[in-house]
Amino acid sequence: MLSFIIRRTIYAIIAMWAVSVISFVIINLPAGDFVTTYIATQAATGNVILADEAENLRDVYGLNDPIYVQYVKWITRIVRGELGFSFEFNAPVRQVIEQNLANTLLLALGSVVFIWIVGIPIGIYSAVKQYSPGDYVATFLGFLGLGIPDFLIALVVAYLVFDHFGILLTGLYSAEYLTAPWSFGKALDLAQHLVLPVIILGTAGTASLIRIMRANLLDELKKPYVTTARAKGVTEWQLIMKYPVRYALNPVLSLTAYILPFLISGSVVLSYVLDLPTVGRDFLRALTAQDIYLSGAIILGTGWLTIIGTFFSDLLLAWVDPRIRLEGD
Amino acid sequence: MVAGSQVGHQSDTPGSNISDVDAEGEIEVMSQRQLIWRRFKRHRLAMVATVIVVLFYVVVVFADFLATNDPEDSEADRQYTPPQWLRLFDGIKPDLHVCRLVGTRDQFFRKVYERDCEQKVDIRVFGRGYEYSLFGLKLDRHLFGVDHPELTAEDTVFILGTDVQGRDMYSRLMRGTRLSLLIGLIGIFISLMMGTVLGAVSGFYGGFVDNVIQRGIEIIRSIPTVPLYLGLAAAFPADWSVERRFFAITIVVSLFAWTELARVVRGRYLAMRQEDFVTAAITAGASQRRIIFRHMLPSFYSHIIAASTLNLAFMVISETTLSFLGLGLLPPAISYGTLLFTAQNLQTVALAPWLLIPGLFVVVLVLSLNFMGDGIRDAADPYGS
Amino acid sequence: MRNLKPGGLLSKRSFLFLALTAMAAALTTAIACGGGETVIQTVEVEKIVEVEKEVVREVEVEKVVEVAGDTVVEVVEVEKVVEVAGETVVEVVEVEKIVEVEKEVVKEVEVEKIVEVAGETVVEVVEVEKVVIPTPEPVRVDSPHITADVSPNEWPTIYDASGNLFAKPSSYKEAPMLADRVAAGELPPVEERLPENPLVLQPTRGIGKYGGTWYRGFTGPADGQNMERPLKDHLLFYEVSGQIPQPNIAESWTQNEDSTEFTFTLRKGHKWSDGEPFTTADIMFWVDHMLNNKDLNPTKPAWTQHGGETLQFEAIDEQTFKVTAAEPYGLFVQLMASVIVAGQHTRGDGADGLYAPRHYLEQFHPDFVGEDEANRKAEEAGFDNWITYFYDRNHANANPDAPMLTAWRVTGSINTNEWSFERNPYYYAVDTEGNQLPYIDRVVLTLAQNLEVLNLSALAGNYTVMGRHINIAKLPLFLENAASVGYRVQFWRQPQSGIANLSFNESWDGDAETASFIQNVELRKALSMGIERDQINEVFFLGLGSVEGLCAGWDDPDNPGKYVGEDYVRFNPDGANAILDEIGLSAKDGEGFRLMPSGERLTIQLPSVVAAFEDYPAINEMIARQWQVNIGIHAEVQPLERGLHGDRAQLNELMTQNWENSPRVTTIITPTHLLPVADATFVGPLFSDWYDSNGATGIEPTNPLLREQQELYAEAISTAGPARYNEIARRVVELNCLNVNPITTVMNKPTYVAIIKNNVKNIPNPLPFSFHNQTSGNGFPEQWWIDDENAMEGK
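Protein chains in written order, with our numbering: chain A, 1 to 329; chain B, 330 to 714; chain C, 715 to 1509.
Honestly, the hints are just simulated from the structure, not real lab data. For clarity, every value in this text was computed on a predicted model and none was experimentally measured. Every residue, glycine too, gets a C-beta built ideally from N, C-alpha and C. Check before you lean on any hint, since a few could be wrong.
In silico DSS-like links for lysine-lysine, alpha-carbon gap of 27 Å or less [what the hints assert, rightly or not]:
| id | chain 1 | residue 1 | chain 2 | residue 2 |
| --- | --- | --- | --- | --- |
| 1 | C | Lys982 | C | Lys1008 |
| 2 | C | Lys1008 | C | Lys1091 |
| 3 | C | Lys1008 | C | Lys1475 |
| 4 | C | Lys923 | C | Lys1302 |
| 5 | C | Lys982 | C | Lys882 |
| 6 | C | Lys923 | C | Lys1471 |
| 7 | A | Lys222 | B | Lys370 |
| 8 | A | Lys129 | B | Lys370 |
| 9 | C | Lys1302 | C | Lys887 |
| 10 | C | Lys1475 | A | Lys73 |
| 11 | C | Lys1036 | A | Lys73 |
| 12 | B | Lys467 | C | Lys1302 |
| 13 | C | Lys887 | C | Lys1509 |
| 14 | C | Lys1036 | C | Lys1091 |
| 15 | C | Lys923 | C | Lys887 |
Quick look at which bits of chain A chain C covers, simulated, 3 or more residues with Cβ under 8 Å [said to hold, decoys possible]:
| id | stretch |
| --- | --- |
| 16 | 15-28 |
| 17 | 64-72 |
| 18 | 86-93 |
| 19 | 121-135 |
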């Protein structure tokens, strides 16, 4: 077990390093740098940045350094626990991310709960009633969420709700609660605003959960112990819920570790369309504005979290199933 | 978006590959392919989905023939024309036509059209229209149309309405289908190559090579897709021609997709090695080559097809998302993504909702591909019910 | 305009000569035919009155001028009182002027007196220039909820009818929210908070009431202009039309005859928003510790460089400072008033901005606390070094601690989801009845990065006044919702500006044969005549723009009845095809596209910025299609990301650019759209390079029209007097028209479609739009007010 842990730890560290390099490459790939984009953005909104001001910015931000120097500076800082400096906000990256971190987690958590609540029952139902009309309808609805691009539905729904009910569903808080201290009213307001994004984000993830749940349960149901139990006269409901569902749920739960990057990915586009104050929205902005240390920190953060998540779920699986420890030796 | 690619996990789930029934022995008269086809036919939804997918690819080939108008022909007087219904009868007399539309700006500056059914615009099947080339032939016949090559502001047929520049949405949709699905096809090809080769190498050699490839896949997968796409898509020069951008997007999209395939292929390889029939073949003295191609490959290429079908759906969505964010294809290229990109605004939703129809096409296509893929996979499982 | 030059002082012998100067008038031409021109007429009146110990009382001049069908009557009354007391002569001249012009408003009357008596006879000649401020044709839009332009203009002003600054009100009143704080002892009384001579502003339509919150939307930290515009932190600022610099933070200014020395006077008793005095020490702090600090300003702002040297700043006393230029710098005052110089709020984040809160910033500057301490503070706050921290501290939008001079001060940072402002208790302006401005208590901006969401919020009535970021394509939605939500729509237009000008890079160095065509004015004429502008106007601007050239309204002497370049703005495919056949493009290929003599197809590249304020790729797509159909010219649309587009423009890689231009009258102040100078990339980046580097790099324009533009520009910024300056400003644009570069498509669309709640009062009408004078800042938002049940009188 110890050698397994050591081996996996080394893998994880190598992977984390590799992700840091890839992240840095990605954020530096686009032509130009923050300053060029900044000038262009300002020009596009009718402001003129003078050429000298631009040169000043480049000097101060160290954008005139060679790329590897920039990488080394960046990664040493990260290791020390500093996330670097956001050009656009002219503030430490940590400060920028912290601002919307809670909203992001809330949205992710809400979506995960939604996915479970909707996906697991439908998955069980589809497996038990395989190839029944109900199975088709359930899977169809589940896949519908997968097939509809988030961005397409979001704005349409937001506009229609406004047009018919006069309610604005964009953002996560109404203007009057934006900076207000927490209160019952604010929580209610937030909950109201969360509904649409959670459903949209959730439906996209539900399809895969339904599919996995259904397949796993089907596998379980074929096993001899189920037949035995059935033969013993256990009621169908108990029969299914007692063991097969629990076993089928195992891989589903470990999959939740993978769901994080998925939710971040999904929330980027959705947050942009509905203007939700999440890290995803900041990320898209940082990426297009070439605010590299902000976008880099976000890519790196999600990448590392996934690696760490996988690491722990691997350890867990290995602890449960000794065969895995030997695999790859 | 990742959802589509996560589907492959289930093939690795425990319990799906061990059985004590020897399939080969029982139904000797049917080939693997026939077996799968027989099972596939039972899956009704998958059959319907397959027909739809085939229809989509008919559009890919005959896009220009199906189009009624030059997709690039713009005219201010036809801005935001609502869809015109094709009318089959004039009274009781069969007569394919649409009613003429007369447009004005109202007091809110909204473009409004009135239908004048006294003035018919005749529609002719196989009528003449703009020139295009198909299989190297220069043609000007279209499935239906107003039967003259030059468009006028009055004599028009827009069965799905027009966009802000007065361009025919239906014809643009035909062109868009072609480009978006081609991207998918090419992407599938690239990811298929990378996925099967790397997956096979990984599964076949195992050990260090396998380890490196697996860690590489893990690293790629640990980076959230959208950032990865955005970063890569933002990287190529935006002044590239439509064609170059097209290929670049395809490569970007398939860069992610191959990892899934590689996992499937590798997983199958590993699983097969322990299968009874492989052991049996080895015992019977079959050569390694024969084992791989005669026994192992056929049993999982349906999995590859299934994974590819799902990947195709994933790629169409990815292209759409990238283009929507202005980082994929850009107008004047016509794809689902660019069509939706220009339609994602309040005025479209409120004033010209028909411009969202490409979204419907995306949904139908993605759903069909998913059902088709599911059906193939179910059918490919030799022990499925 | 303040710095009038004495024409000369003459001595005569034994009699007392009095020189009387009256000024006169001016006049207006061509308003009828195209609207919107600046006409300057200089009338020099020299009057010699011979008197012996007598008093001259009154002179009256009447002038009647007829212009192009419009009758203009101008009456000038001059009243003069001369008091003789021994050898000292005091002359008081009062000028009252009433000008009645149809479609026209004449502003600005200046009288300057210099009386020198030392037993000598003094003849004084004063040259007075009068600027006739044009207004665009009133826009009559036949639609409910759109505020039609009115004539005469309804504008706020700081000058009374006789052209003098409004007198200081006898007493002051303040907002109830401040009165409460005064009563609680938290603030000194309003008299002590205002400078000795506040800026007195006559509101647009009437005295307002206090209270309310101005809600807006913003798109993120890069959207600083969103509030920098209405807050206009400039020492001098323009009047509404953006043509005449006026006092703002500074009380007055003068300049010497050859425009090398400028003296500015600040307001005595003026205070920062935290109550600390604002003096020339704040100017000199900026000069000595920011402008001339190599870390903060490794390269200095271009406007501080003239004649190869940095401007010299010198404080004369607490309120007066002098700026000295190495060479004549005639444009300096105009630049001071414009956004190019601006102030601490607008440019502080780059350590520019002419002044800075010395008392606050010293604690972060190594010159005062030492470099180690400055860096320590920066690191403590999470910054790399003191430089970035210093930028941040002086970036008022992001740092609510930074003292400000503007009408509202920042209370919530631009880096958050809610960017907010509250009235500045020390604001230096009052209305004519002595109410301290601003009227509105707070400004709150909510973040909406996605413009669709921002527009949806506007649609829902979440914003009080919002012009920025509002999309004209959604006008039907706004109009349909206006009545139920309770707002009106007003168009803020940029007079004589193009929205989508196609500029041809005459220094483009790609394929030589193609380049030779690009440089050929005949090709540009043909391309221009091949565009159906009405279609573009209808599709992208709902027909609200106009189809005309840059020179509309200026009669072309060579082509009476038309303006320069008018022929090429008209759609004329036959004329275009004839030209193209003639210049060697008569051959066509199988697809009907014209070929160059070498047999290669001529391809016009149309790089188009993606996601700008107009949909340039789509506009270019339409142009390309029109060229293909009408004149057989092949064009290729290349969508480009904004940053990349800018880079490639600088590198001389773009054959054409499609972009807007500033209003014609500001061509010299913001020249980059039309002239090959000052880093401009539109008509030829290499030519700009050549001009900027004095010939060291780049290439000299071979096109004499472009060369003439450069020479005229050089003259305009240095030695040209105001009269000559205006001549130049017109001539350079005419050169653009003669050169058919840029090709204009649609002009004068409403730049801002302003969504204004029905209860918001005092918004000027019309409100001309311009970048250099920071619309909506030129509408003086401090005198806007919200008329609802909560509005209160001042206390």
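Comparing the hints with the structure gives:
{"no.": "1", "hint": "Lys982/C <-> Lys1008/C", "in the structure": "violated, 32 Å"}
{"no.": "2", "hint": "Lys1008/C <-> Lys1091/C", "in the structure": "holds, 20 Å"}
{"no.": "3", "hint": "Lys1008/C <-> Lys1475/C", "in the structure": "violated, 47 Å"}
{"no.": "4", "hint": "Lys923/C <-> Lys1302/C", "in the structure": "violated, 70 Å"}
{"no.": "5", "hint": "Lys982/C <-> Lys882/C", "in the structure": "holds, 14 Å"}
{"no.": "6", "hint": "Lys923/C <-> Lys1471/C", "in the structure": "holds, 16 Å"}
{"no.": "7", "hint": "Lys222/A <-> Lys370/B", "in the structure": "holds, 23 Å"}
{"no.": "8", "hint": "Lys129/A <-> Lys370/B", "in the structure": "holds, 19 Å"}
{"no.": "9", "hint": "Lys1302/C <-> Lys887/C", "in the structure": "violated, 77 Å"}
{"no.": "10", "hint": "Lys1475/C <-> Lys73/A", "in the structure": "violated, 54 Å"}
{"no.": "11", "hint": "Lys1036/C <-> Lys73/A", "in the structure": "violated, 45 Å"}
{"no.": "12", "hint": "Lys467/B <-> Lys1302/C", "in the structure": "holds, 19 Å"}
{"no.": "13", "hint": "Lys887/C <-> Lys1509/C", "in the structure": "holds, 5 Å"}
{"no.": "14", "hint": "Lys1036/C <-> Lys1091/C", "in the structure": "violated, 35 Å"}
{"no.": "15", "hint": "Lys923/C <-> Lys887/C", "in the structure": "holds, 11 Å"}
{"no.": "16", "hint": "15-28", "in the structure": "violated (count 0)"}
{"no.": "17", "hint": "64-72", "in the structure": "violated (count 0)"}
{"no.": "18", "hint": "86-93", "in the structure": "holds (count 5)"}
{"no.": "19", "hint": "121-135", "in the structure": "violated (count 0)"}
Checked against the numbered hints given earlier, this structure breaks hints 1, 3, 4, 9, 10, 11, 14, 16, 17, 19; the rest are met.
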